[in-house]
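Following the hints, position chain B against chain A.
So the sequence lines, in the order shown, correspond to chains A and B. Going by numbering that gives the first Met the number 0, the first sequence opens with residue 0, and the numbers climb by one from there. Going by numbering that gives the first Met the number 0, the second sequence opens with residue 0, and the numbers climb by one from there.
Hints should not be assumed to be uniformly reliable.
[Unchecked claim] Taking beta-carbon pairs under 7 Å as the criterion, some of the chain A residues facing chain B (in silico):
1. 90
2. 285
3. 306
4. 475
5. 479
6. 482
7. 522
[As the list claims (entries may be wrong)] 25 Å max Cα-Cα, derived BS3-like pairs, lysine-lysine:
8. 493(A) - 197(A)
9. 91(B) - 395(A)
10. 507(A) - 1(B)
[To be verified] Okay, the calculated beta carbon distance ranges per label pair:
11. 313(B) - 293(A): 51 to 59 Å
12. 428(A) - 121(B): 41 to 49 Å
13. 260(B) - 286(A): 34 to 42 Å
14. 513(A) - 371(B): 54 to 62 Å
15. 106(B) - 135(A): 51 to 59 Å
16. 313(B) - 506(A): 32 to 40 Å
17. 33(B) - 422(A): 46 to 54 Å
18. 426(A) - 260(B): 54 to 62 Å
19. 33(B) - 188(A): 24 to 32 Å
20. 513(A) - 313(B): 32 to 40 Å
21. 513(A) - 167(B): 54 to 62 Å
What the hints contain is simulated information worked out from the structure, not anything from laboratory work. For each residue, glycine too, the CB sits at the ideal point set by N, CA and C.
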Amino acid sequence: MARSYKENEFDVIIIGGGITGAGTARDCALRGMKVLLIERHDIATGATGRNHGLLHSGARYAVTDRESATECIEENMILRKIASHCVDETDGFFITLPEDDLAYQAKFVESCRAAGIRADIIDPAEAIRLEPSVNHSLIGAVRVPDGSVDPFRLCASNMLDAKLHGAKVLVYHEVTEIIKEQDTVRGVKAVNTLTGEKLEFYAPVTVNACGIWGHAIAQMAGVNIGMFPAKGALLIFAHRVNNIVINRCRKPANADILVPGDTVCVIGTTSTHIPFDQCDDMRVTPEEVDLLMSEGAKLAPSLASTRILRAYAGVRPLVSADNDPSGRNISRGIVCLDHESRDGLKGFITITGGKLMTYRLMAEQATDAVCRKLGNPSACTTAITPLPGSELGGLKELTRKLWSEPTTVQKAVAGRAGSRAGSIPLAESHQQSLVCECEEVSVSEVTNAVEHLDVHNLVDLRRRTRVGMGTCQGELCACRAAGLLAKAHGCTSKAREDLKSFMTERWKGMLPIAWGDTLRESEYTQWVYNHVLGLNNSI
Amino acid sequence: MKLQEFTSSAHNFEECMKCTVCAAYCPVVQVNPRYPGPKQAGPDGERLRLKDPIFFDEALKYCLNCKRCEVACPSGVNVADIIQEARMKYGKSKPRLRDRILASTDVMGPLAVPFAPVVNFATGLGVTKAVLHATMGIDRHRTFPKYSSRTFEAWFRRNALKEQRKYDNRVAFFHGCYVNYNYPALGKDFVKIMNAIGYGVELLDKEQCCGVAMISNGMYDGAVKHARNNVSALSKAVDKGLKILTTSSTCTFTMRDEYPSLLKVDNSAVRDSILLATRFIYEQVESGAVKLAFKDGYKARIAYHTPCHMEKLGWGVFSKAILARIPGVEFTALDSNCCGISGTYGFKKENYGVSQAIGKPLFDHIASVNPDFVACDCETCKWQIEMSTGYKVLNPISVLAEALDLEKTARINGF
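The following block holds chain A by itself, in its conformation from the complex (with noise of 0.2 Å):
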């Protein structure tokens, strides 16, 4: 593609910085285009950073959806190879439990093998050996290839490869119109949401990889996808309770999952059809709460006792069948529409439905699509190119490369950067100082998000670094990365703001289930807050 470009001009233009977005980028710049991704607020603030982060082994969908259930496992043995720093390879039980059908078992069993699914039936009490957790009264298990992904770790790992690889990121900037020539998209005009600077860009493809906001991104060019909006509650616990992935062996129902990840378990979901005007606040239910608490608790009972940390909720990005504008016949299917052949619409395309665990065949999709408009003739790599700190491998064998005697900072940081911690200066021990206790995030991993991974607050150091998301929730870490922020901006008072934004954030998650010791320690942080630090005036 011999081509010169004006610095606002793009091959493809990718709207949307979730995991499917980001995949895209990743894709479409691996296979040697121009790309640029455009991001309203920051990556993985949708459904991508909303859900379990279970690295499905599609078993869940072998008997009711044999196609997922085999995307499912084909994308999970690829994400083990691809994204092992994002993965942990835990396992899952399907637990029957005395209350469900045990028939369902062989149905189960027989459903997996035949979608290419690992599936052992195991003795209840080789289950019970091998995670105490789980319910003691279980009459069934089988175990499958199930695991889990750290979904914020996955995205900023694809999006930095898609950097590496010459794509154009801006977050923080939301599309206000698609720029449209007859039936043609040329590109789009966006707005810098910290600055409102105005801004436009041209590329003869766009790809609408919005999640349930492509709904409203499609309407804007003029054409309309039949989408569904369902929230999904969960909850987050304090610690992991279980190592091994716990599900029920009956349909998929309401708060049959509990998965282990990174520092703590998350049980969900629940399943609510809500209004599109509900799709950027949305609040967890004391009905939700109570759902996920009984359900949770049958498939390990100690959650009953277990401190809980937060409450959340996402929407999953359903679509009608193509034809069929009723709603009734949804599918969780992948769907890629190429709005030329189907709403005559040339330059745009739709990525959505699917879920997390097949983000990157939606990619590949999606910039197959985008290929076959650009004619170029670029085979897919994402599937055997390893993303950026995966290079090495699992955890101990990364260790033991990058460190004769590694630290608890340099293990917890080469989990969660992988390869590139080998990149993170912590040799001094300032470097090694801690921001967040809980997670074990130094000052260098911070300044390293800050300088190299598109962090502009302190939510998104969140979602790079895991500040605020341990037991503390922000009490002793919020305002020390606030510092390190507000050095690296050159700006106190916006760090001040964001300050306030981010505990107000802490908040929202925990005040669904503000009892016990989570609201005891809300308590406290508050008291340090404003009679320590002194910040009740100011911030």
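Then chain B, alone, in the frame of chain A:
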């Protein structure tokens, strides 16, 4: 909506509010920058270790297990238990020969007692200390506790057993290794006092070392064996309706609290019956059941040091009250500080510097008080203070035995 009625976690690690007051009270943090501190090593580290055992940090070995963090914690987190249990679960360093020798107090005791004069002479020699320092890693500055040429048990059987049958009221005595092998005089003092206040003394059926030294040297299987043996021996006494009295705060603490929380040995049947002798005597005197008569003209300036495990028990008040009420005593309660020895910890040459640095505020305070002697319920604190300050250290029971008019006491109590 339903609120969780209660939440719980292993050793309450999740109840930590991150207030970090534990670090302010940790004697190690102040002097050893390599130690991550109780909060980091305890509740914070636990979340990481649950994620992946790779996060176990060998620097947890610097923890003294003094439990001062637990005393300080306003949220009831068993910080030191979390740390000890992590060491038990994930620690890779195996106890060295030196550690095994230091921990096996009731193996070394019977070996040394028959040759006590020779052993004491040898361990006192500079050349022996130099050799032990170089070959075993036992610090050359340390003074070894002297061995007695006859065990307390042997003395008791021959000289006291028959006498005890006179008393209707009985108590059982867990003497511990120190009384048995090193300092039977303390046991004798205990028997004298108990007899004077009208109690006969029984020994347990086969007591073993409480196991504290094994716990701190990573010999957990051995410690569990001892705990099981002792709980069964204690149960026999409790079944007879006896209280079990002790003179060592550390043995007491270990049997009451470390057995269930660290070694997972159920002691619920005996726990409440295990008491330090000073507490028992205090309660007897307070309730009016027992009266004490003191020698005329007894005079002493006593500075009392509260051992860390005594702080954790919360029983320092009993020993202090008993000493302070002795007529003619000028009493000073020393500021609560760790002496730094922590059992066998300070004997290891790699810990010597840290051990002495931890103890310095205590040593300085003792010097400024300049008492006739220091009183303290722990034998290892005694060794540390005697070595580091030159002041003599006595168990409150020995002080009491010296100050009491035993005959008069017996008389006014009707014996």
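Hint by hint, here is what the structure shows:
| no. | hint | verdict |
| --- | --- | --- |
| 1 | 90 | violated (15 Å) |
| 2 | 285 | holds (3 Å) |
| 3 | 306 | holds (5 Å) |
| 4 | 475 | holds (6 Å) |
| 5 | 479 | violated (13 Å) |
| 6 | 482 | violated (18 Å) |
| 7 | 522 | violated (9 Å) |
| 8 | 493(A) - 197(A) | holds (22 Å) |
| 9 | 91(B) - 395(A) | holds (16 Å) |
| 10 | 507(A) - 1(B) | holds (19 Å) |
| 11 | 313(B) - 293(A): 51 to 59 Å | violated (40 Å) |
| 12 | 428(A) - 121(B): 41 to 49 Å | holds (44 Å) |
| 13 | 260(B) - 286(A): 34 to 42 Å | holds (39 Å) |
| 14 | 513(A) - 371(B): 54 to 62 Å | holds (58 Å) |
| 15 | 106(B) - 135(A): 51 to 59 Å | violated (41 Å) |
| 16 | 313(B) - 506(A): 32 to 40 Å | holds (37 Å) |
| 17 | 33(B) - 422(A): 46 to 54 Å | violated (26 Å) |
| 18 | 426(A) - 260(B): 54 to 62 Å | violated (39 Å) |
| 19 | 33(B) - 188(A): 24 to 32 Å | violated (58 Å) |
| 20 | 513(A) - 313(B): 32 to 40 Å | holds (33 Å) |
| 21 | 513(A) - 167(B): 54 to 62 Å | holds (60 Å) |
The structure is inconsistent with the numbered hints 1, 5, 6, 7, 11, 15, 17, 18 and 19, although it conforms to all the rest.
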